[in-house]
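Spelled out, the chains give:
Number of protein chains: 2
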Amino acid sequence: VIEVRPIRPGEGKALWEMLHALAASHNFLDNFQPTPEGLEAALFGPGSIVGCLLAECDGELAGCAFWHRSFSTFRGCEVMYLEDLSVLPAFQKRGVGRKLLEAVARLAVEKGYPSIFWVMMDWNEAGRALYSSVGAEIEPGVCYCRIHGEALMRLAA
Amino acid sequence: VIEVRPIRPGEGKALWEMLHALAASHNFLDNFQPTPEGLEAALFGPGSIVGCLLAECDGELAGCAFWHRSFSTFRGCEVMYLEDLSVLPAFQKRGVGRKLLEAVARLAVEKGYPSIFWVMMDWNEAGRALYSSVGAEIEPGVCYCRIHGEALMRLAA
Chain H
1 VIEVRPIRPG EGKALWEMLH ALAASHNFLD NFQPTPEGLE AALFGPGSIV
51 GCLLAECDGE LAGCAFWHRS FSTFRGCEVM YLEDLSVLPA FQKRGVGRKL
101 LEAVARLAVE KGYPSIFWVM MDWNEAGRAL YSSVGAEIEP GVCYCRIHGE
151 ALMRLAA
Chain C
1001 VIEVRPIRPG EGKALWEMLH ALAASHNFLD NFQPTPEGLE AALFGPGSIV
1051 GCLLAECDGE LAGCAFWHRS FSTFRGCEVM YLEDLSVLPA FQKRGVGRKL
1101 LEAVARLAVE KGYPSIFWVM MDWNEAGRAL YSSVGAEIEP GVCYCRIHGE
1151 ALMRLAA
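Just so you know, the sequences run in chain order H and C.
Take the first sequence: its letter number 65 is residue 65 in this note's numbering, and every next letter is one higher.
Each position in the second sequence, counted from 1, maps to that position plus 1000 in this note's numbering.
Since the hints were derived computationally from the structure, they do not count as laboratory data.
Take these hints with a grain of salt, some might be off.
Calculated cross-link-like contacts (lysine to aspartate or glutamate; reagent style EDC-like; alpha-carbon spacing at most 20 angstroms) [stated by the list, open to error]:
{"hint": "1", "chain 1": "H", "residue 1": "Lys-99", "chain 2": "H", "residue 2": "Glu-137"}
{"hint": "2", "chain 1": "H", "residue 1": "Lys-111", "chain 2": "C", "residue 2": "Glu-1150"}
{"hint": "3", "chain 1": "H", "residue 1": "Lys-99", "chain 2": "H", "residue 2": "Glu-56"}
{"hint": "4", "chain 1": "H", "residue 1": "Lys-99", "chain 2": "C", "residue 2": "Glu-1150"}
{"hint": "5", "chain 1": "C", "residue 1": "Lys-1099", "chain 2": "H", "residue 2": "Glu-137"}
{"hint": "6", "chain 1": "C", "residue 1": "Lys-1111", "chain 2": "H", "residue 2": "Glu-150"}
Example chain H residues on the side facing chain C (calculated, C-beta under 7 angstroms, incomplete) [as the list claims (entries may be wrong)]:
{"hint": "7", "residue": "Ala-126"}
{"hint": "8", "residue": "Val-134"}
{"hint": "9", "residue": "Glu-139"}
For glycine and all other residues, C-beta sits at the position ideal for the given N, C-alpha and C.
With the hints as extra help, turn the sequences into a complete structure.
Here it is, written out as structure tokens:
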């Protein structure tokens, strides 16, 4: 049985463990910086802009969807940004991702967001199949750009 | 003389006019939905997550940078999302974009954001040249995904 529900206060540690396991499965541990306390504060602290849904398979944490408030200049209103939709390797191919995506969509409609957007790597065939199947528009030919560390400091100087 | 400064309350109309001109120059007017009042509320209303810097060339509005608060699960903290960096056609190739980007970087550092991220179309050579010149990382092979309208309603049902 797959159940999707909002994360509850006090579950920052469980979320951290799942994100850590996901980072390990993607060989991203070198860049993995969150702490349980930091996640808890981001989700439940004052002025929070992020939310998280957890998926459980038979009571075990199986995946999560992390979203935050965003804004579209062309719509002139807030939209939802889906920062992360992940299913632990052991629970993949059971429909967990789709259940999470459905719950994210319900939340977006509840909150009055007209649109959800996210980015996906080109090679992510599982993602493409899921997102296409629900009617998402997938625009290729995009670059993800980022400036941080020394380069950010130099530009700001 | 190029001057970059934060937008001020009451300038929602001027911003709207510039965004409208930019949308026209990109043939995006069909999807252009903001209103001056909506922009004003998004920027200066309670719980605002967005900010905007305006560039002026000799006192005339020449471009804008629109950003909003964002969150990275791998960093476990807030980062800055650059939603839009635009220069009106008549003011291009004068260094306005770079001045805006520098001001965005200063703001990010002031606010304690460790990173700024954004997306760019693959074919945007002017953007690529500017962003590379300041040390941004540009990752190709990304898709921009979006669900809205009927598809969002069906998924949420």
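Now for the hints, and whether the structure bears them out:
{"no.": "1", "hint": "Lys-99(H) with Glu-137(H)", "verdict": "19 angstroms, holds"}
{"no.": "2", "hint": "Lys-111(H) with Glu-1150(C)", "verdict": "16 angstroms, holds"}
{"no.": "3", "hint": "Lys-99(H) with Glu-56(H)", "verdict": "10 angstroms, holds"}
{"no.": "4", "hint": "Lys-99(H) with Glu-1150(C)", "verdict": "18 angstroms, holds"}
{"no.": "5", "hint": "Lys-1099(C) with Glu-137(H)", "verdict": "34 angstroms, violated"}
{"no.": "6", "hint": "Lys-1111(C) with Glu-150(H)", "verdict": "16 angstroms, holds"}
{"no.": "7", "hint": "Ala-126", "verdict": "13 angstroms, violated"}
{"no.": "8", "hint": "Val-134", "verdict": "5 angstroms, holds"}
{"no.": "9", "hint": "Glu-139", "verdict": "4 angstroms, holds"}
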